[in-house]
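Undergrad: Chains as they are written, first to last, in my numbering: chain A, 1 to 294; chain B, 1 to 322; chain C, 1 to 353.
No lab work stands behind these hints, which were simulated from the structure alone.
In this text the structure is predicted, and so the values were computed from the model without any measurement.
Where hints are given, some of them may not hold.
Calculated pairs, BS3-like style, for lysine-lysine (alpha carbon to alpha carbon, straight line, at most 30 Å) [as the list claims (entries may be wrong)]:
id, chain 1, residue 1, chain 2, residue 2
1, C, 262, B, 78
2, C, 102, C, 125
3, B, 128, C, 102
4, C, 38, C, 102
Just a few of them, taken from the derived set where beta-carbon distance is under 7 Å, the chain B residues facing chain C [said to hold, decoys possible]:
id, residue
5, 75
6, 87
7, 100
8, 116
If you anchor each label on the Cβ, the simulated ranges turn out as follows [as the list claims (entries may be wrong)]:
id, chain 1, residue 1, chain 2, residue 2, range
9, B, 278, A, 287, 57 to 67 Å
10, C, 94, B, 150, 51 to 61 Å
11, C, 29, A, 24, 46 to 56 Å
12, C, 100, A, 49, 44 to 54 Å
13, B, 241, A, 13, 53 to 63 Å
14, A, 12, C, 29, 46 to 56 Å
Glycine residues also receive a C-beta, built at the ideal position from the N, C-alpha and C atoms.
So the chains spell out like this:
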Amino acid sequence: MTSLAWERRRGSATRFWKAYRSHRAGLYGLAGLALIALLALTAPWTVGADVQSVTNAPGTALESPSAEFPLGTDQFGRSLLGLLIWGSRISLLVGLLAAVLSVAIGTLVGVLAGHYGGWLSTVVMRITDWFLVMPALVLAIVLATVMSRSVWTVVLAIGITCWPTTARLVRAQTIAVESRPYIERATALGGGHGHVMARHVLPNVMPLVLAQTTLGISAAILTEATLAFLGLGDPTVTSWGGMLQDAREAGAVSSGHWWYLAPPGIAIALVALAFTLCGRAVESVLNPRLGVGR
Amino acid sequence: MSLLEIRDLRVTYGSGAAAVPAVRGVDLRLEAGSKLGVAGESGCGKSTLALALLRLLPQTARLEGEILLDGEDVLTMKWGRLRAVRWAGASIVFQGAMHSLNAVRRIGDQIAEPLLVHRRATPAEARKRVGALLEQVGLPASRAAGYPHELSGGQRQRVMIAMALACEPRLIVADEPTTALDVMIQAQILRLIERLVAEESLGLMMISHDLAVLADTCDRLAVMYAGRIVEEGPAGEVYRAAAHPYGRALSSAFPRIGDPASRRAPRGLPGDPPDPAALPDGCAFHPRCPVAVAECAEDDQELRVAGAGRRAACLHVGRESG
Amino acid sequence: MTTASTPAGVARAEEARATDGAPRTGVASGYLRHAAGKLGGALVSLFAVLVTSFFLFRIIPGDPVKAMTHGAPTSAEQLATLRRQFGLDLPLWQQFTDYCAKALTGDLGTSFQFRAPVGDLIAAKLPATLLLTGVAVVLYSALGLWLGTRSAWRHGGLGDRVNTGLALTLWSVPSFWLGLLLIIVFSVGMGPIPGLFPTGGMESGTGETGFAYVLDVAHHLVLPVVTLVAVGYAQTLLVMRSSLLDEMGGDYLTTARAKGLKDDDVRRRHAVPNALLPTVTMVFINLGHVAAGSILVETVFSWPGLGGLFYQALSVPDLPLVQGLFVVFAGAMILANLLADLLYPLLDPRVGR
Chain A
1 MTSLAWERRR
11 GSATRFWKAY
21 RSHRAGLYGL
31 AGLALIALLA
41 LTAPWTVGAD
51 VQSVTNAPGT
61 ALESPSAEFP
71 LGTDQFGRSL
81 LGLLIWGSRI
91 SLLVGLLAAV
101 LSVAIGTLVG
111 VLAGHYGGWL
121 STVVMRITDW
131 FLVMPALVLA
141 IVLATVMSRS
151 VWTVVLAIGI
161 TCWPTTARLV
171 RAQTIAVESR
181 PYIERATALG
191 GGHGHVMARH
201 VLPNVMPLVL
211 AQTTLGISAA
221 ILTEATLAFL
231 GLGDPTVTSW
241 GGMLQDAREA
251 GAVSSGHWWY
261 LAPPGIAIAL
271 VALAFTLCGR
281 AVESVLNPRL
291 GVGR
Chain B
1 MSLLEIRDLR
11 VTYGSGAAAV
21 PAVRGVDLRL
31 EAGSKLGVAG
41 ESGCGKSTLA
51 LALLRLLPQT
61 ARLEGEILLD
71 GEDVLTMKWG
81 RLRAVRWAGA
91 SIVFQGAMHS
101 LNAVRRIGDQ
111 IAEPLLVHRR
121 ATPAEARKRV
131 GALLEQVGLP
141 ASRAAGYPHE
151 LSGGQRQRVM
161 IAMALACEPR
171 LIVADEPTTA
181 LDVMIQAQIL
191 RLIERLVAEE
201 SLGLMMISHD
211 LAVLADTCDR
221 LAVMYAGRIV
231 EEGPAGEVYR
241 AAAHPYGRAL
251 SSAFPRIGDP
261 ASRRAPRGLP
271 GDPPDPAALP
281 DGCAFHPRCP
291 VAVAECAEDD
301 QELRVAGAGR
311 RAACLHVGRE
321 SG
Chain C
1 MTTASTPAGV
11 ARAEEARATD
21 GAPRTGVASG
31 YLRHAAGKLG
41 GALVSLFAVL
51 VTSFFLFRII
61 PGDPVKAMTH
71 GAPTSAEQLA
81 TLRRQFGLDL
91 PLWQQFTDYC
101 AKALTGDLGT
111 SFQFRAPVGD
121 LIAAKLPATL
131 LLTGVAVVLY
141 SALGLWLGTR
151 SAWRHGGLGD
161 RVNTGLALTL
171 WSVPSFWLGL
181 LLIIVFSVGM
191 GPIPGLFPTG
201 GMESGTGETG
211 FAYVLDVAHH
221 LVLPVVTLVA
231 VGYAQTLLVM
241 RSSLLDEMGG
251 DYLTTARAKG
261 LKDDDVRRRH
271 AVPNALLPTV
281 TMVFINLGHV
291 AAGSILVETV
301 FSWPGLGGLF
311 YQALSVPDLP
321 LVQGLFVVFA
331 GAMILANLLA
341 DLLYPLLDPR
351 VGR
C-alpha cells in the first residue's frame, strides 16, 4: 500500500479516536475492558491453573468469605476468587471467538451478497430472514445439545446463530458504498471483483463491523453463560456460567450462600456492560445523528 | 403603530467562548397590509429571524432586543400569552412542507388543531372552517381526510398556507414558501399569497434567497448578510439598483428576461458566506467585496440613509450621496 | 408530451390532481393484499421451521434409539422394535413426509421420557407459560415505553442518565442470575429481609380453590415476573428513547409549537405517536424472544411451563419433545413477526396501502 494511503488511514484512525474520546461512557467501557483483559491475561501467574484442581483443594466445602478465601469456597473446597479470575479466561475467549466468528461469516456473506447482487443476494436474504425468525437462544441450545459438550461447540453454536444481523447490515452498507462514483471509476480502470471488494468495500465496511463485533461480544458472553448454566458448556473448564450452575447444584440458593452466587453474575454483567458501552460509543461515532441520543 | 417592529434583535447560540451570533442587531418595521421581503444566502440568519419572531428557537439560543407585535414585546411575554399569540397573532408558513407536516396525521386534523386550541371550536365548527380554508387556497375540501404523503409539493404548500390562515392572524411569516417548487407552481403559490394578503389585509414577511421572487411580490425588500441587514428599501429600487455591493451582486446573479447579455453571463460572487462562528473583522462582507477599501476591514458598517426610505450599510453610500 | 408542458397544460394537470379529491379507492384492498402477502410469508417460514427441526435432530452422531434407552439394558430385538415403533427404520425422505403430514394434524411425535404425545405435553404446559410471559410483556412494555418517553424528553438531565445507565446495566445482566439472586434475597431471606415469596413452582399444592387459588398463583408469579420485566423493560426503554430522540429533531414539531400548543401536548400528540411506530414493531418482534427467555426463568423458578419442559427434555435428550418445542418456539416468533407486519400499516398510513 502506498504511503499516501497509509497516511490517510492513520488520519481517519486519529479522527475516529478523537470522536470516540468525547463519549464518556465509551471511555469507561474501554477502561473496564483493559482491566478485565489484564486480569485474564495475568491469571496464569496470579492464580495458576491449579485453582481448578478438585483433588488438591485448599479449603473445606462451602466456606464463608474470610481473609484466606475472600469469596469463600465452592463445594469442593476451591477458592472462589481464584475460580472467578481463572474463569474469566474461558468466558472472554468464548465471547471473543464466537463474536468474531459470527461477524466474520456475516461480513463475508454480506459483502458477497451486496457486491454480486442477483440471485445470490436473494438467496442470502431469504436465509437471513429465516435465521432472524428463529429464536437465537433456542437454536443455540439445540445445536449445543446435538453436538458434544466442548468449548468449540459453544463457539460454533453462537457463531452460527448470530451472523444474520451482521450480514444484513453489511450487505446494506456494501450496496451503499458501491453506489459511489469512485467504484465505477475503479471498475472502469480494470479493477476486478476481488479488487473492488477488498480494497474499496471492505475498508468502508470495517467501522460498522467493529461496532457489530463489540456489541456481539457482549451478547456472546451472555449466551455462553446461559449455555453453561443450562449444562451445555464444557464440563472440564471453568467459566462464569459454569460456576453459576455449580452454585445452583451445590444448593447455594437455598442455603443463602450469596457469595457463591453473586460474583460470577456481577462479573458477567460488568464485562457485558463494558463491551456494550464501547459498542454504543463506536456506533455513535459512526452515525453522528445517533450520537445525539446517547 | 406598526404591526411588527423589530428593534436591535440579537440571537446568539451557545455561550462564552463557543457563542455563535446568528443575528447581530436587526431593525425592521412592517405595517399592516404591506409585504416585506427578506433576502439572503443560506446561513445569513434569515430563518433564525423568522423563528425568533415567535420564540421558536431552541433553548440554547439567547435573544436580546425587542420584537413588538402590535405593540407587545414577544421576547418578554409570559408563556401563556406567547402561546395565545402564536398562530392567532402571527403564524408561519414553513418551507419543506413534507417534513413540516406530521406524516401520520390527517391534513384536516392538522389544520383544525390550532382552531381547537385557540378558538375552542367544536369539532363540527372546526371541520367547516377547515373545508372553507382549503377551498380558499384552491384545494377541494375532501382533501382534509388525506395524508401529507398523498399530495404533491405544491398542494402541500397550499395546505401550509391554509393552516397558517386558520386563526386569522394579523401577520404571516413565509419562510422560503416556494423554494422546493417548480417555476409554474411557484407562480401560482405567489399569486395565491398575494391575493390572500390583499383580501385579509394581513402583514406579510417573506423570506427567500430568490431576490427576483421577492422583488416581484413584495413592497419593500431587506437584504441580510451575516446576521445583519445590509440594505433596505422599496422592492423595485433595491432590486434594480442596489446601493450595497452585496445587494448589487445578488441581483446581478439573476439573469434578466429580455437582456441577452445578462442571460449568458450572470455574474456570481466569489467565495462563501462567512462562518458565523468566525466572522471577519470590520464589515463582514469585505473579503468578498469588489469595492472594498482599507477602512472596511476595521470598522463594521452601520446602516446609512441611501435615498428616500432606503438604507444601506456601506461606507461608499455615505460618500456618494454626500 | 406537449400538452403537459405548456402553461395551460400544467395548470390543467394541477387542477385535475387538485380536484381529484375522492379518497383513493382500494385502500382496504391494498391492505388485504399486503396482509395476504405477509401471511403467505409466515406460512413459508413455518414450513422452513418444520424442515429445519426435522433435519437438525437427525444430524446427531449416534443412534437415537440408544440415546432413548441409555442406562437400561436392552436386547437387540427390543432396540429393533423401538426403531420400528418410532419409524426410524424407514428411509429418510419417507420419515420426513410422515413427519410433515403428522405435524399438520398436530401430531408431533411421542416423548421418550414421558411416553406421552408431545402435543399433549405442550398443550398442558402452555397456559402456565402464557400467564407468565403475558403478564411480564404487558408490564415491561408499559414500563419501558413510559420511562423511555420521559428519558428522551428530558434527555441529558440527571433522570435520563440514571434511567439509561440502569437500563444498560440490566440489559447486561444474565436473567437467570438475577432470578437466583431474587430467590436468595426474597425467598430464602437474607439478613433483615425475611423470605417473602415462594422459592419456586406455580402453586403451593395445598388445594386452594377459587380466589384463594388465584392469590396463591399470583404470589408465586411475583418473582419470575420481576425477573422477566427487569431485563425486558431495559430493551424497550432504550428503543423508545432513541426513537423519540430521532423524532424530536423533526420540523413538524416546530410547526406544532408554532401553533401555540403546550410542550406536553406537542410531546403527547405529535412526538410520541410518531416515535411509537418503530417501538411497537420492536416490542412485537421481541415477543418471540420472550418465549426463549422464559426457558431460563422457568428453569430457575421451577415454573411448570414450556421453558421448564424444554430444560427437562434437553437433559435426556428427549428428541421428539425438543423437536416439538423448537417448532412451537419458532412458531411463536413467526406469529409475533406476522402480527407486527399486520399491525404496522394500520398505525402508519404511509405503508402498505
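Undergrad: Would you mind marking each hint as holding or not holding in the structure?
TA: Verification of the supplied hints:
1. 262(C) / 78(B): 13 Å, holds
2. 102(C) / 125(C): 21 Å, holds
3. 128(B) / 102(C): Violated: residue 128(B) and residue 102(C) sit about 62 Å apart, past 30 Å.
4. 38(C) / 102(C): Holds, at about 25 Å.
5. 75: With a minimum Cβ separation of about 16 Å from chain C (threshold 7 Å), the hint on residue 75(B) is violated.
6. 87: 5 Å, holds
7. 100: 5 Å, holds
8. 116: 10 Å, violated
9. 278(B) / 287(A): 57 to 67 Å: About 27 Å separates the Cβ atoms of residue 278(B) and residue 287(A), which means 57 to 67 Å is violated.
10. 94(C) / 150(B): 51 to 61 Å: 55 Å, holds
11. 29(C) / 24(A): 46 to 56 Å: 53 Å, holds
12. 100(C) / 49(A): 44 to 54 Å: 50 Å, holds
13. 241(B) / 13(A): 53 to 63 Å: The hinted range 53 to 63 Å holds for residue 241(B) and residue 13(A), with Cβ atoms some 56 Å apart.
14. 12(A) / 29(C): 46 to 56 Å: With Cβ atoms ~51 Å apart, the hint holds.
Checked against the numbered hints listed earlier, the structure breaks hints 3, 5, 8, 9; every other hint is satisfied.
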